[in-house]
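2 protein chains.
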Amino acid sequence: MYGDLQLEYSSTVERAADEIRRALFAGRLEPGTPLREVALSEAMGVGRSTIREALAVLVADGVAVRVPNKGVAVKELSAADVGDLSRARVALESAGVRRWTEATPEQRAAVHEAAEAYTGLAATTGDTAALTEAHLRIHRALVGLTGSRRLLAAADVYNAELRLGLAHLDRVRGNIAEQVEDHRLLVGLLEAGRVEEAAVELDRHLAAAEVSLRDAIGHGTIER
Amino acid sequence: MYGDLQLEYSSTVERAADEIRRALFAGRLEPGTPLREVALSEAMGVGRSTIREALAVLVADGVAVRVPNKGVAVKELSAADVGDLSRARVALESAGVRRWTEATPEQRAAVHEAAEAYTGLAATTGDTAALTEAHLRIHRALVGLTGSRRLLAAADVYNAELRLGLAHLDRVRGNIAEQVEDHRLLVGLLEAGRVEEAAVELDRHLAAAEVSLRDAIGHGTIER
DNA sequence: GATGTCTGACTGTCGGACAATTCTAGACAG
DNA sequence: CTGTCTAGAATTGTCCGACAGTCAGACATC
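First to last, the sequence lines map onto chains U and W. In terms of my numbering, the first sequence has 843 at position 2, counting the first letter as 1, and numbering is strictly consecutive. In terms of my numbering, the second sequence has 913 at position 72, counting the first letter as 1, and numbering is strictly consecutive.
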């Protein structure tokens, strides 16, 4: 009866980390901004030790960097980082795509549903935030095809890093229709069992994404 | 003039984490053993806060687990974990293998050298610890072919997790000659540019590794 | 201009404190 | 004898105050 009842635990450290993370993703803290321990501790009404642990979490998540004796600062995404992250994405997602036939029905269904949701949303709303959310879910589902929780977690971290690095940039602009078509093609190829072709298409898609990301780092705006 | 002068930083937290890690890998701490904060802090002569941070590092590295209000304990590797880790290894390493032709000469050379060192060592020594070390270096170099530092770091974490889970088992036994032949074949295929065949061979090799690992979890001994 | 000194800010680490939670063992009722 | 309850011990989670070490900038000195 009460099958799905779950009381999730939440420590002060986690809540503090989440709070800071939210501020980062909302773009309220520019990359490079130092995260001072005492200031944060006073602002949030928690002890300094707690803030320190929260900052360690953020550093481990890759959204902040620690410089010894100087403190923690919001991560700045360099062009090298974008390249590294792109290569990581390609590796994880194409590994997933290539496992399409061995993947479980649930994993395949997740890809299908994410793609459906994306196209549906693209047709009905102009809310870019929700759209990128749906977009990311597709790519996440592709990694899910590998069947490894760890890789999925890694992909989440990498995506968070990318999103953070772009949070302060102007809103993503570009040809939504083309984006939708890209994913429709990719998933179509997969569901037709043409795995190798899908892998190639994915490669192309991610390479295109990389250049626009690189561009964004340089110019302050994303063009897709 | 002073080009290669470098002073590496080392915090107490890091040293503490390393110290505990060493104990784990040496098998001196069984999986499931609780890591008590006060006990460790007294034993190592550092503050409890410091130990707490060190434990957080170990948890982030996946070699220990934290249960809220109960503390941190040495990780126990389940069969599901072995499966997950194996899938992750396959994904990362075959992604590297498939990028062989696009990889930089240095990255390819790293694979070559690691393989050379391994075969050389296998012929001259019976030191299993050094041998697995050299073995791991090959697989690490394969991930290096992806050109992503992040994936390399992820692979390190996964390997650490596997090694830890097996630290308390009896020494790895098995057909060294066969192992050497496996890697010689794999690297040979790569250097001949037969990438797809190499990927298949890698798949086979890692699948074989997975069954012996699974077996090890069940029986307390590794047979290869 | 290079070097030394001072100072304020901040981190890294320590020790103590206390509430909340979990575990344990003994008391107790049926 | 078995199951339940409860008091107390052990341990974690969090906060606080303290102090040395390090860093960066201002300023003085040679």
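It is possible that part of the hints are untrue.
Partial chain U-side listing against chain W, Cβ under 7 Å, derived [stated by the list, open to error]:
1) Thr853
2) Ala864
3) Phe866
4) Gly868
5) Pro872
6) Gly886
7) Gly888
8) Gly912
9) Asp925
10) Ala932
11) Thr987
12) Gly988
13) Ser989
14) Arg991
15) Leu992
Since the hints were derived computationally from the structure, they do not count as laboratory data. Note that beta-carbon positions come from the ideal geometry of N, C-alpha and C, so glycine has one too.
Results for each hint:
1. Thr853: violated, 12 Å
2. Ala864: violated, 22 Å
3. Phe866: violated, 20 Å
4. Gly868: violated, 23 Å
5. Pro872: violated, 18 Å
6. Gly886: This hint is violated: Gly886(U) lies away from chain W, its Cβ roughly 20 Å from the closest one there, beyond 7 Å.
7. Gly888: violated, 11 Å
8. Gly912: Violated, because the Cβ-Cβ distance from Gly912(U) to chain W comes to roughly 13 Å (cut-off 7 Å).
9. Asp925: Holds, about 5 Å.
10. Ala932: With a minimum Cβ separation of about 4 Å from chain W (threshold 7 Å), the hint on Ala932(U) holds.
11. Thr987: Hint on Thr987(U): holds, closest Cβ of chain W at ~5 Å, below 7 Å.
12. Gly988: holds, 5 Å
13. Ser989: holds, 4 Å
14. Arg991: holds, 5 Å
15. Leu992: holds, 5 Å
Violation of the numbered hints given earlier is confined to hints 1, 2, 3, 4, 5, 6, 7 and 8; the remaining hints are satisfied by the structure.
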